[in-house]
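Student: Residues per chain are reported as follows:
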Amino acid sequence: MAQPPPAVQAQPAAELQPVIRLVSVTKTYGTGEAAVHALRGVSLDVVERDYVAIMGASGSGKSTMMNIIGCLDVPTEGQFLIDGIDTSSLDEQQLAVVRNRKIGFVFQAFNLIPRMTALANVELPLSYAGLRAAERRRRAEAALHLVGLGERMAAQPRQLSGGQQQRVAVARALVTAPALILADEPTGNLDTRASGDLMGVFDRLNAVGRTIVLITHEADVAAHAKRVIGVQDGQIVADRRVTEPGALPPLLGRPAVQR
Amino acid sequence: MSPVEIFRFALAGLAANKLRSALTTLGILIGVGSVILLVAVGNGSSQSVQNAISSLGANSITVLHTEGSAAPTSSSTTAFAEPQDLTTADAQALAQAQGVSSVSPAVSTSETLSYGASSDTASLTGTDPSYFAAEDDTLSAGAYFTTQEVNKAQDVMVIGSEAASDLFGTANPVGKSVLVAGVPFTVVGVLATKGASGLSSADNTAVAPLTTVQDALTGFGTLDDVVVLAKSAALVDTVEGEITSILDLRHHETAADADFEVLSASTLLSTASSTAHTFTVLLGAVAAISLLVGGIGITNIMLVTVTERTREIGIRKAIGATPGVILAQFLTEATLLSMIGGALGVLAGIIGTQFTIVGVKPVTVPLSIPLAFGVSALIGLFFGGFPANRAAGMRPADALRYE
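Top line first, the protein sequences correspond to chains A and B.
Note that numbering that gives the first Met the number 0 has the first sequence beginning at 0, numbered continuously upward.
Note that numbering that gives the first Met the number 0 has the second sequence beginning at 0, numbered continuously upward.
Because the hints were derived from the structure by calculation, they are not lab data.
A few of these clues could be false.
Stated by the list, open to error - Which chain B residues face chain A? A few, computed with CB under 7 Å, are given here:
hint, residue
1, Glu-4
2, Ile-318
3, Pro-322
Where a beta carbon is used, it is the ideal one built from N, C-alpha and C, also for glycine.
All chains should be modelled from the sequences, with the hints used to inform the complete structure.
Tutor: Structural data, given as structure tokens:
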């Protein structure tokens, strides 16, 4: 096993608690000759209210990082904590509960469930959390209003544009009031205008206190973040602080990005 | 996550592919339907056999003359007696027994009957008029011969419907003269058709007075059988016992070397019903195999569904569905498929039993309905278990990557 290199540590503001903490995390797929070292010792803290972009080319290990941060996969070595919970000791059942309570996912491919209305899709995580129907509906409607889709709640995914689908996904991610919103290439399947709208939604969510981690390879998407982390060959190679975690996002209120 | 929610998800999952769900359901429908229907057919045919046997005369008991133990064993000859003939005196003794309504001594022989150019080989029975009642015979023309005619040994006979048509065609046989071994018999009556019983036709017969047949054909040796009519069906067992003890006494025999055999409709019935039971079980087993095939169909289609919805499973897991919830959802889908199929199968089976199938009127066995339906529900759980388990065990990161 490769020795973890010296960690590039961020310096979070003292009063803010870390939402995620990676300590010398490695991830290896396969064994022996065929082993692939996707992560080679990554240490990283992300504090609450921060807005972090993780950048890297394909094959850099950023998807593996996203899987570990999202509790979809567990590290081979090292420790991963989310909201103070050490995930290494959790079984699949407990990981599912952590994903439900602590994380809101936004995927590149939207990943809404077909043949379910926008409202039903947004209610889904609340169903798994065991909330009653009336409460689910109230919260899901509020989340859809927040992303500007109050009028399209009864639409099925195929009746919505890509930008609208992704905003439904954002509503689904934030409806459980998670500790972290984790977005994997959220603008990857969107045109410039829809991308700009979506990033505006993320900026506003961060401005009201949501912690966001974005995984992207686009610099203009990363420009919305307060902190930009570069990943290459399974290691963190750059860590640039743009604004303090407690401050407002740098591009809040600006018109849509130009490409 | 409440069961109601899981049920809702499962229903939505089935509704997403209605044709496939319907075809899978069809497999179970056919299985359950055929279990109910075939068991009903087996049961129906068993009942029709039983009805046929009891129509032969539920109250009648036949005493057959047998050879008994032919040779004396070397040493222990104390209880041994020579086999004796079954005589008219035996028959008269039996008539004294309790619960006996009538006793008809009979001799039987196979004779060629001829009328003009046509002839027919039929079984000829010589007996008393009470024989007709004991055999449940009815007349289609003419009359039975009388006791007086028996006492006078007159040459009269009653013929079966098949013998009548063979000899006389459509003409009325009553009053005509039939030659049997050179002796002319006058036909006084024709019996109504009884149908086949076993291998031989019950209609290719001729019945004449005992005295006449003994005189002209068989001689005054042993009787072949004595037909005893009990006063009611409930008394048959008692009367059988009395017959055995009376004849044992008269012939100085013991049960081990009896020179006679007592047969009743109930003896025949128990043999027939055990045969019919085997038949029903066999039909049920064939149907159960089709139910099993339907169950495998569920496994197959649920595996396809789980593979096809891998990505959806990944999404559900990512947003917090536990393995248990995913398992429950897919198990519920499989069980719903099989239970809907089961319910429709019960309906189809019940409708099917309203029709006559290959000459058998099916009679539904009530127990077969809850049994077939219950088994179909279990089949959903059992055959849906493997695919549902596969879905629950998927790793969310892999499932999300699945295209």
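Student: Each hint should be assessed against the structure and marked as holding or not.
Tutor: Cross-check of the supplied hints:
1. The beta carbon of B:Glu-4 comes within 5 Å of a beta carbon in chain A, closer than 7 Å, and the hint placing it at the interface holds.
2. At about 4 Å, the closest approach between the beta carbon of B:Ile-318 and any beta carbon in chain A falls short of 7 Å, and the interface hint on this residue holds.
3. Because the closest C-beta pair between B:Pro-322 and chain A is about 6 Å apart, less than 7 Å, the hint holds.
Going through the hint list in order, the structure satisfies each hint without exception.
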